[in-house]
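For the sequence shown, the residue numbers in the numbering used here are 1 to 579.
If you're looking for bench data, these hints aren't it; they were derived computationally from the structure.
It is possible that part of the hints are untrue.
[Claimed, not checked] Between beta-carbon pairs, the in silico distance windows are:
no.	residue 1	residue 2	range
1	Arg-11	Glu-455	36 to 42 angstroms
2	Thr-190	Glu-455	36 to 42 angstroms
3	Ala-107	Ala-26	27 to 33 angstroms
[Claimed, not checked] Distance condition first, Cα-Cα at most 20 angstroms in a straight line; then the derived EDC-like pairs of lysine to aspartate or glutamate:
no.	residue 1	residue 2
4	Lys-58	Glu-125
5	Lys-41	Asp-122
6	Lys-566	Glu-10
7	Lys-282	Glu-258
8	Lys-79	Glu-125
9	Lys-523	Glu-488
10	Lys-536	Glu-488
11	Lys-290	Glu-258
12	Lys-431	Glu-421
13	Lys-492	Glu-454
By construction, the Cβ of each residue, glycine as well, lies at the ideal position given by its N, Cα and C atoms.
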Amino acid sequence: MSKVTIENIERLAHALARPGGDLRLAPPANYIFWLGAGFSKTAGIPLAEEVVDRLLDKRWRPTVDGGAKLQPFSQLSEKDKSSRQTAVRDWAIQQQVLGSNLITDWAATYGECLRLLPGEVDRQEFIIDCIQEGRGRLNMAHLLLGQLLKNSFINTVLTTNFDDLVLRALQLYFVVPAALDPDSTNTLLTNSKFVQVAYLHGRLASYRQRHTLSEVQGSIPGFENYLTQALQDHGLVIIGYRGGDETPIHLLHKVLLERGTGPGRGLFWITRTDAVESLPQKVREILNLKDCYWVPGWDADEFMRKLCAWPGIGLGIPNPSEWIKGMEEILPDEARKLLNNDAAGEKTIELRTDGDAGARPRTKVDSSAPQWIKKAERLVAEGHGDQALKVLRGAKPRSEQSPKGLSLWTRAFHLAGKHEEALTAAQKFVKLAPADPYGHLLLGHALGAERRHEEATSAYRRAIELGATGVQPYVGLGMSLNFLHRPEDSLKVFEQGAENAADDEDRSIALSWLAISLNDLGKHEEAIERFNEAAKFAPLDGASHFFWSKSLEALGRGDEAAEKFKRYQELTNTTEKVR
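All chains should be built: construct the whole structure from the sequences, respecting the hints.
Structure, rendered in C-alpha cells:
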C-alpha cells in the first residue's frame, strides 16, 4: 500500500467543507468522526501500552525487595520510566503473567492485563487513577473538534476512549450532546439534528466500562445496523484508533466487506504511524477497499489544525472570548455583571483581520486627549481588545458619552470577539452623532461581522453620502455586496475604492477584492490582470492567492495555479509536503 499524500487530506477537507468553499453556506454535515486513544494522547491520557505498564508495575513492585518504597510508574521521570518499563516487562515475560513469554505488541495485551484485576469496580477505579495521574486536560484536537460540532460540520462522534474530553470541549461551546454508552447505541440516529457522542467501550463517569478481552468483544446493541444504514450516504473519519481485536472494528470490518467498498462518501483513516506492517490485519483489509484512504504520519492535534484551517471550513484556534460571550447569554443579570468585571483582565485576544479593510481605522491620538483615550487608543492599535475594554470601563460614563469614546468601544469589542456588543456601541455612536460618516462606517463593519450584510450595505452607503473618503467605505460596501452574492454590483464599488486609495496598500486591497469579484463572475482573464496589478502595489494576502490560483486553474494554467496555491498555503500556514 502506498502512502497517502496531501491530496487525500484535501479531498476530505473539500468534502467536509461548505458547498463551493463558501463560508456563507451551511456545511453538509455528512461525515462521522471515530476517535481512538491517539486522539487524547497529547491531553495526557495514557495509551493502551502505557496502561499496561502501569498495571504491571503495580503488580511487580510487591515482588521485589524494597518495592513498597519504590515510586509508582506514573510518578517517574521519562528516563526512569524507560528502565522501569524494561524491568516490569522482563518480569512479566519470565513469570508468564499474561500467559505467554513471547510478547511483541504490548498494547495488544491491554484486555488480558486488565483481567488481572479481580473485578469490574477494581478495573474502573484503576482506569480513573490512570487518567487522573495523566493530568488529562483539553488538547487542541478536542478544542477543534468542538468547533466542528458547534458549527454543524459534523453531528456524530464515535469513540473507544473512556475519557470525557469530548464532553468537556463541548461544554465550552454550550453544546449539550446525547452521550450514549455501548448498551444504548441502538438509539443512535443516522441523520441526527443534534450532537450525539457514542462511547463504544463505556465512559469514565458511567456505571459500565469494557476492558477485558471478553468485555470489548461483547455485543453493542444496534451498532451494526447503525453502521449499515449510516455508511450508505455518510463518510467516516477515523483518527488515532488502532483497530485491535474488539467488537467495534469487527463490526466495521463486517459491514464494509459486505458492501464491498468504502462508505458512501469515503473512509479516511488517520494514523501517527507510517509503517503499513504495523496496522492490524482487519485495518489493512478495510484500507484495501475502494474509497478507503490511509492518511499516515499525523498526530491528532496537527491533523485537526490543518483540516480546520482549510478554505470552506475556516476554523482556527478557538477564541476564549466566545466562551465568555456564550456564558453571558445564559446567565442571569446579576451573574453577568460579575462576569463582565472579571473578564476585563490582562488577557489579550488576537483579532483576525483577513480582508478586513472595511474597518481599519486610520486615526491618530490627539496629544491633548484625556489619558484614558490615549491609553485605550494605544491598546486598540496594538490589538489588545480586552485590556482596552478594561480602560474604557474604568472611564465610564465619559467613555460612552462621546463619538471618540464609542468608536474605541466598538473597535475594542471587535478585537475581543464580542461582535454583538460592538454593534451596540456603533449604533450608539450613530445615534449620538448621526452626521459623522465614521460612525456609519463602524456600523457597517459591525453589521457585516454579524452577517447582516443587507443592512451593512445601507450603512456604508450612508457613510459615503456623508463624505467618507478613502478606501474603507468602498471596500466594506463591495465586500457586503459580495457576501450577498452580488459580485456584479461590487465591481464599480471596488474600482472607486481603488481610485480613492490613500496609499499603495489600500489600492492593492481594493484591486484584489475587485479581482475576487471578477473570479466569482467567471471573468478569469480580467481577474488575473487585476491580481497582477494589485501585487505591484503591495504583497497580497492568502485569500487573494487562493482565488488567483482558481482563476489560473479555470484557464488551464496549472503550473501557475499550483504556484499561487503554494503561496496561499505558506501565507495561511497550511503548507504540506507530500507524505
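Verification of the supplied hints:
no. : hint                                   : in the structure
1   : Arg-11 to Glu-455: 36 to 42 angstroms  : 38 angstroms, holds
2   : Thr-190 to Glu-455: 36 to 42 angstroms : 39 angstroms, holds
3   : Ala-107 to Ala-26: 27 to 33 angstroms  : 40 angstroms, violated
4   : Lys-58 to Glu-125                      : 14 angstroms, holds
5   : Lys-41 to Asp-122                      : 23 angstroms, violated
6   : Lys-566 to Glu-10                      : 13 angstroms, holds
7   : Lys-282 to Glu-258                     : 14 angstroms, holds
8   : Lys-79 to Glu-125                      : 27 angstroms, violated
9   : Lys-523 to Glu-488                     : 11 angstroms, holds
10  : Lys-536 to Glu-488                     : 24 angstroms, violated
11  : Lys-290 to Glu-258                     : 13 angstroms, holds
12  : Lys-431 to Glu-421                     : 15 angstroms, holds
13  : Lys-492 to Glu-454                     : 18 angstroms, holds
Of the numbered hints given earlier, the model fails hints 3, 5, 8, 10; all others are met.
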